[in-house]
Every structure is written in C-alpha cells, then in structure tokens.
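Novice: Single-letter residue listing:
Number of protein chains: 2
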Amino acid sequence: MKVTPWEVSGNINYDKLIKDFGVKHLPTQLPKKLQSNILFKRKTIFAHRDFEIILDCIKNRKPFVMMTGLMPSGKFHLGHRVVADQIILYQKLGAKIYLAVADTEAYNSRNPNLEELKKVAIKEYLINYIALGLSTKNLDFYFQSQRSKDGVKSNAYYSLANLASRHATFNEFKSIYGEIDPGKMTSSLLQTADMLHPQLKEFENKPLPTIIPVGIDQDPHLKIARDISQRIKIFKFQQLSSTYHTFLPGLNSGKMSSSDPNSYIALTDSASEVDTKIKKYAFSGGQKSLDEHRKKGGNPNIDVSFIYLKTFFEPNDNKLKKLHDDYSSGKLLTSELKAITVRKINSFLKKHQKKREKAKKQIDKFI
Amino acid sequence: MKVTPWEVSGNINYDKLIKDFGVKHLPTQLPKKLQSNILFKRKTIFAHRDFEIILDCIKNRKPFVMMTGLMPSGKFHLGHRVVADQIILYQKLGAKIYLAVADTEAYNSRNPNLEELKKVAIKEYLINYIALGLSTKNLDFYFQSQRSKDGVKSNAYYSLANLASRHATFNEFKSIYGEIDPGKMTSSLLQTADMLHPQLKEFENKPLPTIIPVGIDQDPHLKIARDISQRIKIFKFQQLSSTYHTFLPGLNSGKMSSSDPNSYIALTDSASEVDTKIKKYAFSGGQKSLDEHRKKGGNPNIDVSFIYLKTFFEPNDNKLKKLHDDYSSGKLLTSELKAITVRKINSFLKKHQKKREKAKKQIDKFI
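For the protein sequence lines, the chains are A and B, in the order given.
Residue numbering for the first sequence follows the working numbering, beginning at 504 and increasing consecutively.
Residue numbering for the second sequence follows the working numbering, beginning at 504 and increasing consecutively.
Treat the hints loosely; a few may be bogus.
Since copy identity is lost for identical chains, a pair holds within one copy or between any two.
[What the hints assert, rightly or not] In silico DSS-like links for lysine-lysine, alpha-carbon gap of 30 Å or less: (1) K626 to K736; (2) K709 to K622; (3) K739 to K622; (4) K704 to K687; (5) K626 to K522; (6) K677 to K565; (7) K857 to K578; (8) K736 to K687; (9) K780 to K798; (10) K621 to K736; (11) K622 to K736; (12) K739 to K782; (13) K858 to K519; (14) K626 to K791; (15) K578 to K736; (16) K704 to K626; (17) K739 to K687; (18) K704 to K621; (19) K621 to K739; (20) K546 to K622; (21) K677 to K505; (22) K736 to K863; (23) K677 to K687; (24) K739 to K847; (25) K736 to K857.
In short, the hints are calculated from the structure, not lab data.
Given the sequences, and given the hints that come with them, work out the whole structure.
Specialist: Put into structure tokens, the structure is as follows:
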C-alpha cells in the first residue's frame, strides 16, 4: 500500500492509514445534521483532525469556514462528487465557503493554457456544483491565478505562501512527504496559503475554525499547513480542522481517473453510456458462474456497483441492507445488482442534467 | 572570506571570487558609451556573465531589458547609488527597465507592514532614482506584491515562480547556495520570476536579452535563474546576462548597512552630517601621525574617502590620479583628503536634494 498526495496504490487498509497518519476515527456521536448526511452515515467520511472545533461551531451556530480546491482537468465524475456534496452540506450549515480553482498548479504541472483551464473549471466543475446545490450565498469561488484582482488581497494570498516557507525546514518536508522536490514543495506551500488565507485581515479578518475535507492521501498537506500555522506569530491562526474520506473506486475497482473514461461515471454521461460502463466495466463481487453465485453468494464490500449505491444512490438504510444481505446470500445476482445501479444512477443523472441546463444560466452570478 | 547573498564578511578577494563563482572579467574593450561611465571606467563593475549579448544590443541598437530590484528598508545611501546609476545608464541606452520593489520579500523577512514598505520604496528609493535621472520612458516600476492589478499579468509572474520550482532540484539549490532553507528557496524562485518574466507573452512577448547588474554576492540567484531558464520548454527564454560590481565600503570600511547610520552617507544627509561622518568615521589609509604620513605616505586603495571619490565624486582621471599619487607620497594629508571628499559629496548632495524636491512632484507619473 502506498498512499501519498501523488500516488495511491496497493490494497488500502484504512485502519492502518489512521494509525500511520496519526488521525482519529470520527466520533460516534455526530449532530443529526451531519449524521443524516449519506457520506457521514455510511462512513465514507471516516476520520478527522480537530473536527470537534467544527462540531462546536455547528452546534452553537458559530461562524466557520470550509475550504477546498479543484484541479481543473478532465470530466467531473462521481469521485469529485464526494467533495462537492460536502461543500454543499457545509454551505447549508452556514459555513463561509472558499473554493479554489487550482489553475496555477494545473498550469505548471499539466496544461499551460489558462483559458482552457478556466473553461474546464466552469463547464465541468462549477456547473456541476451549482446543479448539485451550490448557492452564491457565503461563497468565495476563486482562481489561484486570479487571487489578484484586488491588489491588497492578492498580496496577502501569495505573500502567505512565501511567509509559510519561512516557517518550515527541508527535513520537515521530507519527513512528512517522504519524497519531495522543489516543485512539490511550492505546491504544498500554495495549498497552505489556500487553507489559511481566509483568516487574514484582508479576508475574514479573524482566527476562524476552518474545515478542510480531503481524501486521506492529502493529509500531508494538512500536516504541514497545521504545523506552519501555529509557528507564524505575526498573525494568530486558529488551527485547521480536517476530515478524511475513503477513495471512491473506479469502475475496475482501481483508481477513478480522469484520463481513463472507462474508469469513471461522469455527471454528463448519457443513460446508455452509464448502462454500458456499469454492465461492461464495473468490477463485481459476484461469483464466476450463476450456480456458484447462488451457492456461495457475492461480496458486496468489493462490488463497485454496491459501493456506488452505498456512497450515493441508495440513501435508504433498510433497502441498502436488503441489497447487501441478498447479494451476500446469493439471492441477488450481479446482473440484477448492476441493473438496479444503472437505474438509480440514470434516475439521478436525468434530474442532474436538467439542473445543469439551468445552472449554465447562473454562472455569471458565481464568478 | 564569506560571500553569499545573505552574508558578506572577511577580506574580499575579487580575483578569487571571479574564479570561485565562475564569472568572467569584463572585456577590456567596451563601447564608448559604457567606458565613459564612471562605474565601468573605474572598474567598480568588474565581472560578468554573457555581457557580450548586451554589448551587441548596445552596438546595434537592438532592444534589451534591464531588470533590478530594491529592498525597501532604511535610508537610500551611496551603496544603493551603484545600482541606481546603472539603471539610469541603461535607460539612456534604450533598455526597457523592469524595476521591482521586493515588498513581498521584505514583508515576510523584515517588516509586516505593506503600507510602510510602500512609503519607504517611494520616499527613499523612487524619489532618489528620479533625482538621479530616472525617467518614465521605457520603465516598468512595480511592487512584487502588486504584480497583480492586471489579472493576466499577475498570474504570469507568480506562476513563473511556481513553474521555475519544477525545474530545479534540492541538491542544485544546496550546491549553488551552500546553505539553503525553504524560505531562501522561495525567495530565490521569486527572484527567478523577476528576472525572467519580462520575456513572457504578457510582458515583452519575446526572448529578449536581459541585463541584471548585481553585487557579486548575488551571483547564486543568477546561476539558478540561468539554469532554470534553459530547462523550461513551454517558453523559450533568452539566457540572462549579468554584471558584477564591487562592494562599496561603509564609512568604517566594513559593510555599508542601512541599520547603522554611521556606516553610510544617505542621499538625504545634511552638509554637516556628511562633514561629521567623513571626518569622524571614514576609515583612513593614512598613517597614525603627521610625521609618519609625510614620511611613508598613505594607502588610497583602502581609504574610504578616496574610494568614494573614485567611485562617484571625482570623474576626472587626472585629478583622481593626482590625489592618489599625492596621498601615496604623503604630500596629501588625511585631513585634506577628507576635506576634499566632504566638499565633493556636499556639492553633489546640494544639487541632488534640490532635484529631490522637484522629483516629489513627479511621483504620480511613475506609479
């Protein structure tokens, strides 16, 4: 198992990751507003650092910030929806949302065409966020490259990345990241600025609890940002909070990758594309033959269709349990489970794609 | 002897520095426009990298850029004048001038008050530049923190620092700088962006010869920027050129330091301040007693008054030679040499300070 911000491979053991990274299991008691959310309920979000601070804000209606970013490349797919749903959840809970388009990073590491990056950020990401429920209320949607239109703000942001660099050592980067080079280091520092800048006087102007929801592979960025934040003395930063979610498997149960269309369900896929992808590519936990399946039953925990239902598309606990049990017992066949999954996804996408059409008209309000 | 961008100490041996840094002596034949300049004539500017490219531009009236920066701290003193005079020289020779206020760096390393930094940059630096002859023609005077007012340009600049980081290794930084940490590395990368960004499409939009005049201690910044510039493939950068000048000694013959008023002559010092500073503090190459001086003579090469005359205030070669010879022979006393120096400096400052008053009214045209 290898889990770094730049590579995830091998068989993921989340309990070992919790130990290795030094993060904590989520508390068993969560406020109802969170517990009722499917990502918390199904433990897709499974670990945290200092999440109690945010729970206190939610409970006592105190102000807090949620910060996250998007890398504008490829299609917006189910893997991206895990964060998108959390953005919208926290926005509804009253958080001020800081949503960064990581175009400076994308520009330098992937695609040296800022206009194209902007197009992808809007067409693939922003429109889907809006369709999923993002509102303009309490939202600061910004491009890293354009954190600049207001001179003072821009300085504060880039200057913070620069300032952060003065509060860490090479050895620290090496011990936290394992492998590191100047490019990865500047990328890490820019993310530190993304996470901390909402608290600067040019932005929210006070130490403010900030929740950063990430995949567990991103924890090293949090570690560095948290360490640096407490060493900077010219500002007082409230320590960052974070939650960690599991990796949503790609169709073949490996990585869901923007560069392989057969690994993902995009939120713009047609009904027939979804049908083909699930039936043809979705990794199954079922047995090889019908007879064997009836006899031994399938394994829903490794079945990609079941995982998608559990993560997003079957919010009803009793129904999910029945699918789980029937599949395990062999009563439910892989083809039947897949058919249910296709139907559920397509029912969601049909509504979602209508909302996308409406969302297109609202873009101007967001940027 | 220790000569790094962050520390200069010991007895400076320029020939050894030329070898150690791997730079070259200036060509003996320079175009008249340069040779007639006192800094070239007196070999205050003594070494270079790829200066031939710039000589060709000057000779054939081809476009080129001069880039330099200022650290907005303390008073503008004679040490700063070495670069200021070169800015004005190259501007007169037709170069496009890029003049950076290193406020992002100053902000993070010294003074977390941007407004104050801006005040110092204007009151101490810009006004003196204007009084020394800087014009608005072909000038891009910018604040690092504000390389942002135009969104596109700002991205290009900061993004270039980020991009640069992807084209160097930690080992390279270590081998070039000797000692390095994340703060120094980000500072180096921002300077790389300062030096190279004029060639980007958002600025001059072509590979363009660029001369960077620096003190020899700053050469590591050049080395990194030059190496990185040739590795970046998504733009084609013309290799940077640089010249190196000697360190102007402070009054006590050590470092001229903004933090020690008795080490420098500020361009705002009054006539009586100059009188006191030279007579009381200027390190003398003369002998301890009058008798001994008459007998053995003084050493003009280590005499701070003589060095100031040679660097700035006695452009007439014959007159300078006479001072040199008379001082060496013991004919000219330290008190007499100092009196001449005071008179020359005060004659310059009287005119300069009148020009400063006029310059104050022109600031708006420059920023």
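Novice: Does each hint hold? Answer for all of them.
Specialist: Here is how each hint holds up against the structure:
1. In the homo-oligomer, the alpha carbons of K626 and K736 lie at most 30 Å apart only across protomers (29 Å), although the nearest pairing inside one protomer, at 41 Å, exceeds that limit.
2. For the identical chains of this complex, K709 and K622 are inter-copy neighbours only, at 26 Å across copies versus 33 Å inside a copy, given an alpha-carbon limit of 30 Å.
3. In this assembly of identical chains, K739 and K622 lie within 30 Å of each other by CA distance solely across copies; the values are 26 Å between and 37 Å within a copy.
4. Taking CA atoms no more than 30 Å apart as the test, K704 paired with K687 passes in both settings, with 28 Å inside one copy and 26 Å between copies.
5. In this homomeric assembly, K626 and K522 never come within 30 Å of each other (Cα to Cα): the closest approach is 39 Å inside a single copy and 56 Å across copies.
6. For the identical chains of this complex, K677 and K565 are neighbours neither inside a copy (37 Å) nor across copies (47 Å), given an alpha-carbon limit of 30 Å.
7. In the homo-oligomer, the alpha carbons of K857 and K578 lie at most 30 Å apart inside one protomer (18 Å), although the nearest pairing across protomers, at 64 Å, exceeds that limit.
8. In this homomeric assembly, K736 and K687 come within 30 Å of each other (Cα to Cα) both inside a single copy, at 25 Å, and across copies, at 19 Å.
9. With identical chains, the CA atoms of K780 and K798 are at most 30 Å apart within one copy only, with a shortest distance of 27 Å there and 100 Å across copies.
10. Within a single copy, K621 and K736 get their C-alpha atoms only as close as 36 Å, which misses the 30 Å cut-off; across copies the closest is 22 Å, which meets it.
11. Taking identical chains as interchangeable, the C-alpha atoms of K622 and K736 lie at most 30 Å apart only when they sit on different chains, with a minimum of 24 Å there against 39 Å within one chain.
12. Taking CA atoms no more than 30 Å apart as the test, K739 paired with K782 passes in neither setting, with 54 Å inside one copy and 49 Å between copies.
13. Within a single copy, K858 and K519 get their C-alpha atoms no closer than 40 Å, and across copies no closer than 71 Å, so neither meets the 30 Å cut-off.
14. Neither within a single protomer nor between protomers do K626 and K791 lie at most 30 Å apart by alpha-carbon distance, with minima of 41 Å and 81 Å respectively.
15. Only between protomers do K578 and K736 lie at most 30 Å apart by alpha-carbon distance; the minimum there is 27 Å, versus 41 Å within a single protomer.
16. Proximity of K704 and K626 under a CA criterion of 30 Å is satisfied inter-copy only: 26 Å between copies versus 32 Å inside one chain copy.
17. For a Cα distance limit of 30 Å, the shortest separation of K739 from K687 qualifies both inside one copy, at 26 Å, and across copies, at 23 Å.
18. In the homo-oligomer, the alpha carbons of K704 and K621 lie at most 30 Å apart both inside one protomer (28 Å) and across protomers (18 Å), since each shortest distance falls under that limit.
19. Proximity of K621 to K739 under the C-alpha cut-off of 30 Å is restricted to the inter-copy arrangement: shortest distance 24 Å between copies versus 33 Å within a copy.
20. In this assembly of identical chains, the alpha carbons of K546 and K622 never lie at most 30 Å apart, being 34 Å within a copy and 55 Å across copies at closest.
21. Taking the closest pair of Cα atoms, K677 and K505 come within 30 Å of each other both inside a single copy (16 Å) and across two copies (29 Å).
22. For the homomeric pair K736 and K863, neither the shortest alpha-carbon distance inside one copy (44 Å) nor that between copies (36 Å) is at most 30 Å.
23. For the homomeric pair K677 and K687, the shortest alpha-carbon distances inside one copy (11 Å) and between copies (17 Å) are both at most 30 Å.
24. In this assembly of identical chains, the alpha carbons of K739 and K847 never lie at most 30 Å apart, being 48 Å within a copy and 52 Å across copies at closest.
25. Within a single copy, K736 and K857 get their C-alpha atoms no closer than 50 Å, and across copies no closer than 43 Å, so neither meets the 30 Å cut-off.
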